[in-house]
Amino acid sequence: MITRERVLEVLDKCLRYSQADQAEVVVLGGDTYLTRYATNYIHQNTAESNAHVYVRTVFGKKVGLATTNALDDESLRATVRLSEDTARVQPDLADFVSLPGPEPGDEADVVAAGPAYAERTASFTADERAEAVGRITALSRREGFEAAGAFQTGVFMVGVANSLGVRRYAETTRASLTAIVMGPTGSGYADDLSVDAGAIDPERVAEVAVKKCRDSQDPVAVEPGEYEVVLEPAAVADMVTFLGYLGLGALAFQEGRSFASGNIGKPVTGEQFTLWDDGTDPAGLPFPFDFEGVRRRKVMLIEDGVVKNVVYDSYTAGREEGRTSTGHALPPDMRYGPLPLNMFVKTGDATLEEMIASTKRGLLVTRFHYTNPLHPVLTLITGMTRDGTFLIENGKVKGPVKNMRFTQGILPAFAAIEAISKEARLCDMFGLGAVSAPAMKISSFTFTGQTQF
Amino acid sequence: MRFEHDRWRELSSRALDYLRRKVDYADIRFVSRRGERVKVKNGTVEGVTTSSETGFGVRVLRDGAWGFASSSTPTLEEVLAVADRAVAIAKASGMVGGHGAELSPVEPVEDAWKSPYKEDPFEVKLEDKLEVLLEAEKLVRKGGGPSVRVAEAGTEARREEKSFASTEGSYIEQEITECGAGIAAYAVGTGDMQRRTYPNGDRQLSGCYGWEAVKEAKLADNAERVGREAAQLLEAEPCPSGVTDVILDSTQMVLQIHESCGHPTELDRVFGTEAGYAGTSFLTPDKLGKLRYGSEEVTLVADATVPHGLGTFKYDDEGVPGQRTVLVDKGLFVNYQTSRETAARLGQKSNGTMRADGWNRPPIIRMTNINLEPGDWTLDEMIKDTKDGVLMAVNRSWSIDDRRLNFQFGTEIGWEIKDGSLGRMVKNPNYTGITPEFWASCDAVGDKRHWKLWGTPNCGKGEPPQTAHVGHGSAPARFRRVRVGVGR
Chain G
1 MITRERVLEV LDKCLRYSQA DQAEVVVLGG DTYLTRYATN YIHQNTAESN AHVYVRTVFG
61 KKVGLATTNA LDDESLRATV RLSEDTARVQ PDLADFVSLP GPEPGDEADV VAAGPAYAER
121 TASFTADERA EAVGRITALS RREGFEAAGA FQTGVFMVGV ANSLGVRRYA ETTRASLTAI
181 VMGPTGSGYA DDLSVDAGAI DPERVAEVAV KKCRDSQDPV AVEPGEYEVV LEPAAVADMV
241 TFLGYLGLGA LAFQEGRSFA SGNIGKPVTG EQFTLWDDGT DPAGLPFPFD FEGVRRRKVM
301 LIEDGVVKNV VYDSYTAGRE EGRTSTGHAL PPDMRYGPLP LNMFVKTGDA TLEEMIASTK
361 RGLLVTRFHY TNPLHPVLTL ITGMTRDGTF LIENGKVKGP VKNMRFTQGI LPAFAAIEAI
421 SKEARLCDMF GLGAVSAPAM KISSFTFTGQ TQF
Chain W
1 MRFEHDRWRE LSSRALDYLR RKVDYADIRF VSRRGERVKV KNGTVEGVTT SSETGFGVRV
61 LRDGAWGFAS SSTPTLEEVL AVADRAVAIA KASGMVGGHG AELSPVEPVE DAWKSPYKED
121 PFEVKLEDKL EVLLEAEKLV RKGGGPSVRV AEAGTEARRE EKSFASTEGS YIEQEITECG
181 AGIAAYAVGT GDMQRRTYPN GDRQLSGCYG WEAVKEAKLA DNAERVGREA AQLLEAEPCP
241 SGVTDVILDS TQMVLQIHES CGHPTELDRV FGTEAGYAGT SFLTPDKLGK LRYGSEEVTL
301 VADATVPHGL GTFKYDDEGV PGQRTVLVDK GLFVNYQTSR ETAARLGQKS NGTMRADGWN
361 RPPIIRMTNI NLEPGDWTLD EMIKDTKDGV LMAVNRSWSI DDRRLNFQFG TEIGWEIKDG
421 SLGRMVKNPN YTGITPEFWA SCDAVGDKRH WKLWGTPNCG KGEPPQTAHV GHGSAPARFR
481 RVRVGVGR
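Those protein sequences? They're chains G and W, same order as listed.
If you count the first sequence from 1, position 72 lands on 72 in the working numbering, and the numbers rise without skipping.
If you count the second sequence from 1, position 321 lands on 321 in the working numbering, and the numbers rise without skipping.
Any given hint could turn out to be false.
[As the list claims (entries may be wrong)] Beta-carbon label-pair distances, calculated as ranges:
hint : chain 1 : residue 1 : chain 2 : residue 2 : range
1    : W       : 324       : G       : 372       : 52 to 58 Å
2    : G       : 372       : W       : 348       : 32 to 38 Å
3    : W       : 80        : G       : 16        : 30 to 36 Å
[As the list claims (entries may be wrong)] With a cut-off of at most 25 Å between alpha-carbon atoms, the simulated DMTMM-like pairs for lysine to aspartate or glutamate come out as follows:
hint : chain 1 : residue 1 : chain 2 : residue 2
4    : W       : 142       : G       : 215
5    : W       : 427       : W       : 152
6    : G       : 402       : W       : 152
[Claimed, not checked] Computed from the model, here is a short list of chain G residues facing chain W with C-beta under 8 Å:
hint : residue
7    : 49
8    : 50
9    : 51
10   : 67
11   : 70
12   : 89
13   : 123
14   : 127
15   : 257
16   : 351
17   : 352
18   : 356
19   : 358
20   : 383
21   : 384
FYI, nobody ran anything at the bench for these hints, they're computed from the structure.
We treat Cβ as the ideally placed atom computed from N, Cα and C, and that holds for glycine.
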């Protein structure tokens, strides 16, 4: 595992080696462990130790980037030189302004652990992961089912320094457990996500997934069409993830590829829907700064249905007069532009049971599968239901149904919210961030097809 | 790099000697990757990224349970520590009982192989690459006019050097060089955004080539058309909704093959080991040799030997020779893509499809080049023979259920077909179906002259996530009575 001292040494060395007008060094290190199981046994079990260095150099408005995972002096010098050589031969990046400068109080921010660090996760062993998996497979086997999923733990180190005086370091941990329990004709799903591996509850995950699986046996087919839906948090989080990815980053916004382009201050969903990003909230997976070393700021994205803001990094902020980075830069080699990675959906006052009780004829959806956009500006997406889809009739769950394909605009769905749950769950976002999502009842949701199971 | 390889061989030998007494089987792979990405956008250079990465991974099998550990520090001390970690992890795996993995036999081999290319993409000057890209990108904007808000051109090159050594006596070195390029136009209208690309969407041109392939692609010659079509799509009518015949260009057949044949014939998926993430497969072993997967026109192969494919190699990451396997023979489902472990469960030998995404991931079954064998139609004949239908080209969107049955795909562009002639351009074309019903409706496949091998450099599978570079060859093909224009 790379240490704090080593990360800071690499940052300082690379800056010293650089002769560019401006230089930025980012070190991303981590030790990750993953125990993967299926058909009630562990079939893959891995450990990885790695650290990448990204060197971004600037001559005037020419910007170069080079990366390596070799941290010896010779490789670091070569990487800095390569970044500079790459920058020198380029034409100007016309709207590049500057790397971000230090913010007041930065000096105090070189810390050993971020706000989302748990020593328990850092010391979690392969035996402990296997023991947790064993509890899930044992319950599953007792019911005559087969379980599959993964228990992942990791410690991650991020160091950022630039020639303007930014110098920051923090560590974070992450633990996640997933379970899909499969019976002869249906399956169930549950998961858990936390900074603290000790807080992961395999018993709850096993019980929820097994119950869902039991309830999902012998599904019947229902016709595609418009349905009322009650979406559990994992399904809502999937839609929110795509909303953020497609439209709430400044690059898509500035290029007219976002639903928010030209619509700031205008209603885009119903009034019940409020969404913000807050990379500092301990209820999520907080981290003190982004991959340019800029402090993460809370950004209201959609408030009472009105789109308020998108998120910025230093480059996209530099393209707008008076704008500053909101602390949402991604790692230097990712070309999506800034993205919200710590989103929270405002909770409501309903319970899942109340939403079901108020539904005359609708579908209860555990989660979606293989969602992808059809039209980014319209926020039109398609995907399948998976691991627990149920017909609701006259306020009661009548029974399982075969999985359905939906083709639905995200914004129109959030314009038709009838109820939002009091409770929210933290759900993974592309493995990079998290969404805190409640359950929702939506009055009209379009299912366009069905499958055979 | 000879020195580096000698060191890899020495460290591999020491690690395997160390592990022989502790485990039933072990292998160690060293991998070094070098990459370069260049992208220009709206008249400026958006980014030039050069990357390098080296590390090793140790995989052990002990009492039927697997362990894998990896590190980016290639010293003897670290190699032995990682070997110990892999053994400890295998012991932990054994805590949750399973079937007990066994490996089908493979002949030990010592060999070295390099993928061929003419012009080393890493020796081409950056200035020369930028000139090609900036010229093409400028022409995209010229062709598209003011509605094209974003014009892009990009090129990527990657070289992977790797060694494989096992306790069974294999030592294999391979070097694989890839290169590709593409251009894109994004036109923006009121509440609309349309994309057009050349030659093939997000996947661009990609294969085991050198820079010569980028020259042959003639980006500039196609740039104005790409810009113009993106702008025209804003004004085009949406693809009609209903049931009609579709002709899919090879640029869409890529994804149709990938999702509905490539993934469901991966035997690890069939045995459930991807169930926790991407799902399983409807092609269960009871259907092998019995299920009619498609019409007689449909023969699909997994071919790691076809030149220049992104899924082309001499040995997989278990040391099994790359080979050609018929998966679907004139419509009949006859074989899987297999590994040593999964093949053994069917009493077979591996057909060599295990690949790892770098040094820090264990190998899993990955597509090689999954190809639809050519038929005997020309595209013109197919169109003339179609009374009512839609021609769709270049994938834009994809989704399929977790057993690979219900799918829905969208493409960048379509054209109506009326009474044997191409008609108006339509936007947002998409279609949906059920895999065996859809392939059963295939009644025409284009001939060799229309057949093209495309690369898919973004195939995601596994946990931790692994991105594979795979290939798909196809000619255009026609499918009868397909549901199109979904979600309008």
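Practice problem: Could you tell me which of the numbered hints above are not met by this structure, giving the numbers in increasing order? | Solution: 1, 4, 6, 13, 16, 17, 18 and 19
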